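Chemist: Start from the sequences and build out the full structure, keeping to the hints where you can.
Residues per chain are reported as follows:
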Amino acid sequence: MSGRLELWLFAAQRLSAMVLAPLVLLHLAVMIYAVQDGLSAAEILSRTQGSIFWGGIYGLFVIAAAIHGAIGLRVILREMLAWRGAGPGMIAIAFCIAVLALGYRAVGAIT
Amino acid sequence: MQTSKSLRVDIWRGGEDGWFDTFSVPRQPSQTILDVVTYVQRKLDPTLSYRFSCRVGMCGSCAMTVNGKPRWTCRTHIDLVEEDGRVEIKPLRNFPIVKDLAVDMAVFFDKWRDAGARFTPRDGASLEFATVDPQSQARKEASAAIECIGCGVCYSACDVVAWKPDYLGPAALNRVWTLVNDERDADPDAHLRPVAGDAGCHACHSQQGCATHCPKSLSPTASIAGLKRRTLMALLKGQL
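Listed in order, the protein sequences are those of chains A and C. Mind the numbering: the first sequence is residues 1 to 111 in the numbering used here, read in order. Mind the numbering: the second sequence is residues 1001 to 1240 in the numbering used here, read in order.
A few of these clues could be false.
Quick list of the computed label-pair ranges, beta carbon to beta carbon [as the list claims (entries may be wrong)]:
| no. | chain 1 | residue 1 | chain 2 | residue 2 | range |
| --- | --- | --- | --- | --- | --- |
| 1 | C | Asp1104 | A | Arg84 | 21 to 27 Å |
| 2 | A | Ala12 | C | Pro1026 | 57 to 63 Å |
| 3 | C | Ser1217 | A | Arg84 | 31 to 37 Å |
| 4 | A | Arg84 | C | Thr1047 | 52 to 58 Å |
| 5 | C | Arg1139 | A | Val35 | 51 to 57 Å |
| 6 | C | Asp1166 | A | Val35 | 45 to 51 Å |
| 7 | C | Ala1225 | A | Leu102 | 33 to 39 Å |
Think of the hints as simulated: they come from the structure by calculation, not from any bench. It should be emphasised that the depicted structure is a prediction, and the values quoted were computed from it without experimental measurement. All C-beta atoms, glycine included, are put in the ideal place defined by N, C-alpha and C.
Modeler: Next up, the structure:
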């Protein structure tokens, strides 16, 4: 079971990385565009609010980041602190939930 | 190129809480690290402990840490590693020290066993010659990884082993990859289960320290990447 769990986590982290990579590039491009174009907060919100596209993009971003970051954090805790048992997994789950909550709060605010 | 008449050699002595002893060794043409260590033991300090056997890069016995890097000492010339006429020689990292430059290799080979890195011929394979197509992908994958001499250099170079002592390590996983690609094996897919666990191939961060330092120029990283792909496919097919 341990082997299968590790394998699923490996698959989830690689899959979430594949999702994150283009989204990070898109996010950077959007930020640069917004700053270079001198858009105000109100102008940005007028483009994002009510947009299924931007809501979907950043909603997916939050899910991928929460999964990817949490699995990575679990590995770091286990390797760097030599922490065995369920502790790192519990912290990773808490981290995942926190990122989801904060992320969707932000997504909700702009869409 | 011989640059000075003598070499200053700092050699680790004792166990984990040891110290360095310094020796002066005359330079010779084409002198290897193993030549230097042997000179120290034969001429300067007979209590120095180290391990070697074949002296020609086949047995994998003589690996040590030279100026901070794991190397096979019988095939490493002093000219390649000396810095301002000095060389520092320590036992391999990630192994328990027995004494001086000799380390306990048991943990290393125990992990080969734990990884299931053992060839089991399929029924009847010993009664006839196996016809293996040298151009087949499996044969090419096995050939790329097969020349391991079990020297422990990759294991010593691996940071994941240092961080996670139960990690099976590059050499054992590399060996398993050859078996997964061995069509003479009784059940190549059965080799995937032992390496799919917490201490298995997915613990590798692909830092390639093993491939950088392997004296045989193998790439255990590539073998481990193959295991990652194959175990993932097996998982998705419900075979694990």
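Chemist: Against each hint, give a clear statement of whether it holds in the structure.
Modeler: Now for the hints, and whether the structure bears them out:
Range check, Asp1104/C to Arg84/A: Cβ separation about 24 Å, and the 21 to 27 Å hint holds. In this structure the supplied range 57 to 63 Å holds for Ala12/A paired with Pro1026/C, their Cβ-Cβ distance being about 60 Å. Distance hint check for Ser1217/C and Arg84/A: the Cβ-Cβ separation is about 36 Å, which falls inside the suggested range of 31 to 37 Å. Separated by about 40 Å at the C-beta atoms, Arg84/A and Thr1047/C break the suggested range of 52 to 58 Å.
One distance hint, 51 to 57 Å for the beta-carbon pair Arg1139/C and Val35/A, holds here, with the actual separation near 55 Å. For Asp1166/C and Val35/A, the hinted distance range of 45 to 51 Å is satisfied, since their beta carbons lie about 48 Å from each other. Range check, Ala1225/C to Leu102/A: about 34 Å between beta-carbon atoms, so the 33 to 39 Å window is met.
Checked against the numbered hints above, the structure breaks only hint 4 and satisfies the rest.
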